[in-house]
Amino acid sequence: MKIITKEIRLSTQGNPDLINITGKISDILAASKLKQGNLLVFVVGSTAAITTFEYEPDMIRDMKDLYEKIVPSDKSYAHDETWGDANGFSHLRAALQGQSLTIPFEKGQLCLGTWQQVVLAEFDNRPRDRRIIVHMLGE
Amino acid sequence: MKIITKEIRLSTQGNPDLINITGKISDILAASKLKQGNLLVFVVGSTAAITTFEYEPDMIRDMKDLYEKIVPSDKSYAHDETWGDANGFSHLRAALQGQSLTIPFEKGQLCLGTWQQVVLAEFDNRPRDRRIIVHMLGE
Amino acid sequence: MKIITKEIRLSTQGNPDLINITGKISDILAASKLKQGNLLVFVVGSTAAITTFEYEPDMIRDMKDLYEKIVPSDKSYAHDETWGDANGFSHLRAALQGQSLTIPFEKGQLCLGTWQQVVLAEFDNRPRDRRIIVHMLGE
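Chains as they are written, first to last, in numbering that gives the first Met the number 0: chain A, 0 to 138; chain B, 0 to 138; chain C, 0 to 138.
Errors might be hidden in some of the hints.
Chain copies aren't distinguished; within one or between two, either way the pair holds.
What the hints assert, rightly or not - Using 27 Å as the maximum straight-line C-alpha spacing, the simulated DSS-like pairs for lysine-lysine come out as follows:
no.: 1; residue 1: 34; residue 2: 23
no.: 2; residue 1: 74; residue 2: 34
no.: 3; residue 1: 23; residue 2: 63
no.: 4; residue 1: 32; residue 2: 74
no.: 5; residue 1: 68; residue 2: 23
No wet-lab data here; the hints were simulated from the structure.
With the hints as extra help, turn the sequences into a complete structure.
Below, the structure is given as C-alpha cells:
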C-alpha cells in the first residue's frame with residue numbers, strides 16, 4: 000500500500016466563489032497509478048470548505064443563496080467587531096460546511112456520481128491563494 | 000494492511016427518507032475479519048447524504064423538520080426552473096449535510112456510541128436505487 | 000505503513016461548549032513518530048461534533064449564535080416530548096455538524112492553517128465525559 004500526498008494551488012475570487020476541482024483531483028489520481036483506495040481532499044484555512052454538488056450555473060446560484068440565507072454576509076459578527084476584517088460570515092460558513100471530504104476509488108476511478116462534482120467553496124470576502132491537499136492511500 | 004471495498008445497494012422512498020444502515024455496515028465489517036482500522040461510508044450521487052443520529056421515530060421527525068426549515072421543499076429553486084425536475088431542495092440538503100463519513104474501528108467493532116446510528120439521508124423527491132460504498136482500511 | 004489508535008478523554012460543560020483540542024491531537028501525532036499520513040478525529044456519541052474554526056473568543060460567540068439560530072435550544076422537539084431529556088436540539092446540531100474529520104499530515108505536522116483549530120463541539124445540555132478517537136494511518 001502507498002501513501003501519496005499532492006496539492007492543488009489556485010487563486011480564488013471571494014464571497015463566495017464555488018470552484019469545480021473534480022478534474023484536477025482526477026488528474027492527480029490518474030498520475031498516481033493507484034487503482035483501489037481512498038482520496039482525501041482537505042482545504043487549508045478557516046474561510047473555505049469542500050463539498051460536492053451538481054456543478055451547473057443554477058445550482059451554483061442556489062448554493063450561494065443557501066449560504067447567504069444561513070449566514071448572511073451583510074450582518075455584523077462579533078469576530079468582525081474585534082478584528083475589523085469583516086469576514087466573520089466566511090468563517091461561520093466554512094465551519095458549518097467542513098474542510099475535508101474522503102472519496103473511495105476503484106479501478107483508478109473516483110466513486111462519484113455523474114452529477115456529483117467536488118467543489119472548493121471559497122467563503123472569504125477577498126481573493127485568496129488556496130492550498131488544497133489531495134492525499135491518497137491505496138494500491 | 001488490507002483495503003477492502005464493498006457496497007450496499009438499497010431502494011429508497013423520497014423526500015426525505017432516513018434509513019438506518021448501521022446493521023448492514025457492521026455486517027460488512029464483521030465479514031472482513033479486520034480488527035483495527037477505519038471504515039469510510041460514501042453515498043454516490045448528489046441528492047443523498049450520510050449522517051449519524053439516534054435513530055428513533057421522534058428524532059427522525061425532528062431531523063425531517065430541521066431539513067425542511069433550512070431548505071424548504073415547497074420553495075422554487077433556480078435549478079428547478081432550468082431542469083424541471085423539482086429537486087433543487089434535494090441537492091441543497093445533500094451538499095450541506097455531506098456524502099462521506101469515516102468511522103474508526105477497534106477489536107472488530109465500529110467506535111460508535113450506543114445511541115449513534117449511521118443514517119442514509121435520501122433527499123431526492125422520488126424513490127431511488129442507491130449505491131453506498133463501504134471502504135475499509137485496516138488489519 | 001502503521002495504524003495507531005489513541006483516544007482523548009475530557010469533561011465538558013454543556014449547551015454548547017466549544018473546546019480547542021488541536022494541542023492534544025498534535026501531541027498524539029508527535030508521539031506516534033509518523034511523518035506522512037492522515038489523522039481521523041471522531042467523537043463517540045450523538046450530541047457532540049467535530050469542526051474546525053479560528054478559535055478566539057469572538058468566533059466562539061459567533062459559532063454559538065449560529066447554532067442557536069439554526070437549531071434553537073428553547074424550542075421543544077419531538078425527541079424531548081417522548082424522552083423527557085430536553086436535548087433534542089443537541090442531537091440535531093450534532094447530526095448537522097458531523098462527528099468525523101480527517102486531516103492529512105506531512106513531515107509530522109498536521110496540514111492545518113495558522114488560524115484553523117480543531118474543535119470539539121459539545122452540544123448536550125449537561126456536562127459530559129467525552130471520548131474522542133484519534134486514529135492515524137501513515138508511515
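Evaluation of the provided hints:
For a Cα distance limit of 27 Å, the shortest separation of residue 34 from residue 23 qualifies both inside one copy, at 17 Å, and across copies, at 25 Å. Neither within a single protomer nor between protomers do residue 74 and residue 34 lie at most 27 Å apart by alpha-carbon distance, with minima of 47 Å and 42 Å respectively. In this homomeric assembly, residue 23 and residue 63 come within 27 Å of each other (Cα to Cα) only inside a single copy, at 23 Å, whereas the closest approach across copies is 35 Å. Taking CA atoms no more than 27 Å apart as the test, residue 32 paired with residue 74 passes in neither setting, with 47 Å inside one copy and 45 Å between copies.
When the C-alpha separation of residue 68 and residue 23 is checked against a cutoff of 27 Å, the pair qualifies neither within a copy, at 30 Å, nor between copies, at 35 Å.
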